[in-house]
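Protein chains in written order, with the working numbering: chain B, 430 to 574; chain E, 70 to 373; chain X, 865 to 1086.
Keep in mind the hints are simulated off the structure, nothing from the lab. Some hints here could point you the wrong way.
With a straight-line cut-off of 25 Å between C-alpha atoms, the simulated DSS-like cross-links for lysine-lysine are [stated by the list, open to error]:
| no. | chain 1 | residue 1 | chain 2 | residue 2 |
| --- | --- | --- | --- | --- |
| 1 | E | K365 | E | K292 |
| 2 | E | K246 | X | K1030 |
| 3 | X | K1066 | E | K204 |
Here are some of the chain E residues that sit facing chain X, going by a computed Cβ distance under 8 Å [what the hints assert, rightly or not]:
| no. | residue |
| --- | --- |
| 4 | D193 |
| 5 | Y239 |
| 6 | A305 |
| 7 | R316 |
Glycine included, every Cβ here is placed at the ideal spot set by N, Cα and C.
Chain by chain, the residues run as shown.
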Amino acid sequence: MVMEKVHRMSNKGGAAHTRKPRITVFHCFTALEDTASLEGGDYEIQGIKMPCSSISREVFLLRAFEAGADAVVVLVCPVNSCRYVQGNIRTEKRVTRVKKILDEIGIGGHRLNMFNIVQGDEAAARRIIEQTVAELGEWGLSAAA
Amino acid sequence: MSRGKLEQTLGEGKFAVTAEVGPPRGANAEVILKKAALLKGCVDAVNVTDNQTAIVRMSSISACAHLVQLGMEPVMQMVTRDRNRIALQSDIMGAYSLGIRNMLCLSGDHQTFGSEPGAMNVHDIDSVHLIHTVKTMRDEGRDMSGYELNVAPRMFIGAAENPFADPFEYRVIRLAKKVAAGVDFIQTQCVYDMARFKEWMKQARDRGLTEKVYILAGVTPLKSARMAKYMAAKVAGITIPEQMITRMEGVAKEHAAAEGIKICLETIQELREIPGLSGIHIMAIEWEEKVAEIVKAAGLFPRP
Amino acid sequence: MIVGEQKPLEEIKAKVSGYSRILILGCGTCVKTCFAGGEDEVATLASALRLSFKLEGRTIQIEEQTVERQCEDEFIKEAATNIAEVKAVVSLACGAGVQMVASRFPQVTLLPGVNTTFIGILEKAGLFTEKCLGCGNCIVDLFGGICPIGRCAKRLFHGPCGGSSKGKCEVNPDTDCAWQLIVDHAAATGQLDKLAEYVPPKDWRTSQAGGPRKVHREDHEI
Ligand code: SF4
Ligand code: SF4
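Using the sequences plus the hints, can you model the full thing?
Structure follows, in structure tokens:
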């Protein structure tokens, strides 16, 4: 958590971005049908649809950053309502581990976050994206993007 | 060569008293001589620890040799943590040649607790093997390899036992194992929990062990309520009953040490009434000046 | 199996930082099972290193490959093509695999990426524990199937020591005292008296103390 604060400080942008922020959204298709409904803001969305969030191996999350993401959002079903019982729990553990790697690298684990949303709650998904965009205003774009 | 005083006292059925000193962290023999002088005449033998709590100190064997020169009788502690069977046997022979007549076979505190946490440990043999080795050297005049020794080190063999460590039901079986391996006397971990100690002694008697081995109960006077609480909470294998801690807390700070001595004396009185108990071992590390006071107040002075 | 842990990213990064092109070579057997050096760990490490270099404005080219077992020549042969392309290989195998690769490909610098830790088991999901020290002459039957050589911090043949408390080892309160387990097993199976027997000192020649060991099976030589 200390690392996270350090990165927030060192990456502090505050100023306008030089390009549109890019957010990669990993989502299981139960939690969210697809990301089309999230488009339309002053940002780019890259959606990655999966039958279950738990198939997102650690490296997929890292590769999203390699491919230019400024932030990565993982949308999964609420605890206890995973279609595959423990898929979202496994995902959470993986996200935690990748956050740690991002901290170690210096990108900052705060750029990767997992959220539980109720099936089909597009409004919630939108709010998450908007919140992430707002936070990116504070953090600045990823230096590794 | 004649038997040592400890062996003699115990052999004559007299209640024995031993104490303990720790060698210095340095090469100054004065320290050990000073501590020992405080004990002279009021105990039958003095244990000398072997890099206790895995902190590097002057070797037990050399500190023991200093005591011998002073006309005192040491119990050389020897741990299997730092030496393999080659070094252990060689030191036993050397110790005997220096006039050391008693030894205490231990496995030793784990090195990660001491001043060299990065050290490799040895544990080639364990404390029970060591007992067996010393006995074979003494009674058969042979080393572990079977080689006949020109002079056998005739050591009086001791070991430690902790009636307060777990698993309790096994503790007395382990004592039996040490007896079978050839131990002559046992010094126990400090007794605060009298009920548990008595139960352990009863089990030892029931197995006929008190007929085969001299048991010396360990006592350590408490200096303060803080020390009592620390030992109860932090030292693995020590139990201090709640009432005893409360009692220490109940007295003003400046009277705490006196209260600790008082508890210690009461403990000794109670111990002396336990059938099959052969003596006490007073561990007053860095408080050696109190040993004489305790021995006298307990009516155990003069020593035979 | 052999249990190991991947070295910290910082350490691996420092080791590879002089190279512009490396191979990360995984092993698909033991270290894969303990999440230290299988295919997934190779990919994650490669990506993390690339990102980390990129942040510093540098690039590193990383080849990735995982073979079935790095401790067998048959399998590491497959890495020859990739190894020919690089100056350094980060091996995510155990120490045996690392050395096997180092001896087959002496021209390349071999960098260990895993700390080989012990011979152990998967006790439960996410927990691996040490069981055996490979002493070369198994006597675990004397202790009811619980090995004090591999599992007692003092390797006691006549434990427990005075530090055993509430079933835990004094050295690490998170670890079971092997001797508590041995005694419990003996008590549960009515063999406490068998445990009272003296176990003679061990002949350590069969262990590592006797020098590097070999198992030679002439019947399997071709
Ligand atoms: S006795 Fe030796 S081979 Fe058997 S489990 Fe213990 S260390 Fe391993
Ligand atoms: S507490 Fe148990 S496992 Fe730990 S060193 Fe002592 S006997 Fe061995």
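Hint-by-hint comparison with the structure:
no.	hint	in the structure
1	K365(E) / K292(E)	holds, 19 Å
2	K246(E) / K1030(X)	holds, 22 Å
3	K1066(X) / K204(E)	holds, 18 Å
4	D193	holds, 7 Å
5	Y239	holds, 5 Å
6	A305	holds, 4 Å
7	R316	violated, 24 Å
Violated hints amount to a single one, hint 7; each of the other numbered hints is respected by the structure.
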